[in-house]
Amino acid sequence: MNDALDQVVFRWDGNQGRSSTGMAAVAHSCPPEHADALGRELGPLLWVSGPSPRQSSVRVRSRSGATLLVQRWPVTDRGGRPSTASHVLIGDGNTLNPRWCLGLGGTAWSDPTTAGTASGRLPVLDSAQLGAAAKHQLTAMTEQLPSVREPLVTVVAEWLRAPGRRLSLLAEEDTLPGWPQQNTAPLLYLGLLSLFGNWTGQEWSYATYDTEDTHPLRLTCVPRWSSQAAGSGAPGRIRLRLPAEPDIEARAAMEMVDYMLARPGARPGVPHLAGELAHGARMDRRDRREALRRMLDTGHRPVQQPPAPRVEAPEPQASGPQAQQPPNHRDHMERQDHKERQERQERQQRQEWQEWQERQERQPAPHTRQQLQHLLTELLHHQRADTAGATRLAARLQDLPDRPLLTLLGAEDLPWASLDLLLTELGYSGRLRTRDDETAHALCTEVLRNNLYVRQHRRHPSDSPSVAEMRERAGDLFSWAVAPLVRDPRHTLDLGELLNLMVLEGRTTGQDQLRRILVSPPGGRAPDLPPQLWQQVVKALLAPTPAPAPSSPPPPSPPPPPPPLPAAYAPASPIPTPPPPPPTPPSQQEGEREGSRFQLPEVSELVYQTWFIVTVAALGLTAAVITLTAIVIN
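The sequence shown begins at 13 in this note's numbering and counts up one residue at a time.
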């Protein structure tokens, strides 16, 4: 965990002598150019527009891979107009994890006075102090989770229907407790995180309050809906009300929420989403619904363990009226009991985290190579329809470090189902946060040289996913395995070949894939490609499509046969057909074609011409008229 975190304050400060105006980095602990670049990237997330300002928190990941926690405060600018001051905390995803960020909301580390007046150089912040503040606030928030049970059930049911969907939550007085005097959206988000953990496979980005839901965030709480977010790619808009007749997802959500609320402070993730539903977020909706139905109807539920009995301190025997405990002593005992319970929960969480880290750091010993070979054999014969086998293999892959997983990924002739298992495990957020640079580059190289695993001709065509599934998987794979390293020159050549292949494959598949990776990537953040690669893609897309080769014209049709001659001109006997002339050399043919324009036609050709017959008939008629005229005159 990092010891220090950078901070930046953004306010509407007019022209700061730079090329941009408006929201500017007026105070920062990082270099000024870094702060300016961060402001350009965050853009509209730095302020809340509209007539209903209130303080809010935003958690989002930057293009460079850093995690940003933005605390937004309603202030007034120099002219007395309503504005926003944003206090940004910069760290890695391990330090600024979703639970920490929810615990650091409000005034835990920032306040409106600092955000509204700070300028110049700021100190870095100590992560240990921030961690203590987050834990203190999370304890209080966990105790308040039962107050948001109904909104929790509503959102959990929606994510069970569509785990990858972004949501816009409408805050109403009768559905969100405390609204509008206080915003309990952070409680709702903490409940979702406690229930799902990393089951959805999506980045936990959110805004606890905003007046627009057009930002590419996973969760946004708004006071009203506008028409801006309608259309393709818009978030799902839901009211935080329980349905009159709950469906399968709503029934499952009720059971999961009640289970989670009965175990405050437990590790994120409920056991309902293990086993058959461990990869439920990647299932088809119909298959996921059937798995939920089996969980509810066939009794495949986790055992409801009763909470541990509370150990009360024995009351001392009263020896007289003066021996009775005063009220302040009882308060002290209750505070002490609460403190001990909190320490037990923290010890349990630290122990679970250490155990997970130890599993990641374990390297395969020489005697486990045979076990790795057996695992590879199982992967080579695994099929998508074997859901029980998928659960068993996924559990075994979780115990392997990254390097053996990368070795298994490079094996030849792996079926698509096994590739899915390996890539899902390698893309687990806990691994992404702790992966060393050498392994990350090796994985990026493997993924690029295999064209994101969407164009390989495997031996299992019947087990291949659909084109839409391949496109979704490739976009997700690119976002976490390739996008963070696109600026590294070691991958420029492989990345350029992949992009060129996508462009050349045409509009039906290649450019759809290009759009999913560069234009509409998961999370909505385009990769920071080097300029030469952007130029390569744009040039290829703007290049005119080569015209098809002209087809050879059809041979000319033979001339129509001559009309039959009148009986007076018909020959007495058929004219014999002359034999075909011998072939003429090409040079002689060309000479004959050139001289044919000056040669007189043959008499036999004239006899069969229509105009010749008409002319002869007209001459004969004229001669007859002249003869008759002469006779009459005489």
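Keep in mind that the hints were calculated from the coordinates and are not lab data. Each hint should be verified, as a subset may be incorrect.
Cβ-Cβ distance ranges computed for the label pairs, FRET-style [unchecked claim]:
| no. | residue 1 | residue 2 | range |
| --- | --- | --- | --- |
| 1 | Asp-270 | Val-550 | 23 to 29 Å |
| 2 | Lys-551 | Thr-129 | 48 to 54 Å |
| 3 | Pro-255 | Ala-152 | 38 to 44 Å |
| 4 | Gln-547 | Asp-296 | 39 to 45 Å |
| 5 | Gly-442 | Asp-186 | 35 to 41 Å |
| 6 | Arg-298 | Gln-410 | 22 to 28 Å |
| 7 | Gly-77 | Glu-390 | 31 to 37 Å |
| 8 | Pro-255 | Glu-481 | 44 to 50 Å |
| 9 | Asn-210 | Glu-481 | 45 to 51 Å |
| 10 | His-46 | Ala-246 | 21 to 27 Å |
| 11 | Gly-536 | Ala-454 | 25 to 31 Å |
| 12 | Thr-504 | Arg-93 | 46 to 52 Å |
Think of the CB as a built atom: it goes at the ideal place given N, C-alpha and C, for glycine as much as any other residue.
Right, here's what the structure says about each hint:
1. Asp-270 with Val-550: 23 to 29 Å: 54 Å, violated
2. Lys-551 with Thr-129: 48 to 54 Å: With Cβ atoms ~50 Å apart, the hint holds.
3. Pro-255 with Ala-152: 38 to 44 Å: 31 Å, violated
4. Gln-547 with Asp-296: 39 to 45 Å: Since the Cβ atoms of Gln-547 and Asp-296 sit about 40 Å apart, the hinted range of 39 to 45 Å holds.
5. Gly-442 with Asp-186: 35 to 41 Å: Because 39 Å falls inside the window, the suggested range holds.
6. Arg-298 with Gln-410: 22 to 28 Å: For Gln-410 against Arg-298, whose Cβ atoms are near 27 Å apart, the range 22 to 28 Å holds.
7. Gly-77 with Glu-390: 31 to 37 Å: Once the Cβ atoms are compared, 34 Å apart, the range 31 to 37 Å for Glu-390 and Gly-77 holds.
8. Pro-255 with Glu-481: 44 to 50 Å: Hint violated: Cβ distance 30 Å, outside 44 to 50 Å.
9. Asn-210 with Glu-481: 45 to 51 Å: About 21 Å separates the Cβ atoms of Asn-210 and Glu-481, which means 45 to 51 Å is violated.
10. His-46 with Ala-246: 21 to 27 Å: 33 Å, violated
11. Gly-536 with Ala-454: 25 to 31 Å: Holds: the Cβ-Cβ distance is about 28 Å, inside 25 to 31 Å.
12. Thr-504 with Arg-93: 46 to 52 Å: 47 Å Cβ-Cβ, so the 46 to 52 Å window holds.
The structure is inconsistent with the numbered hints 1, 3, 8, 9 and 10, although it conforms to all the rest.
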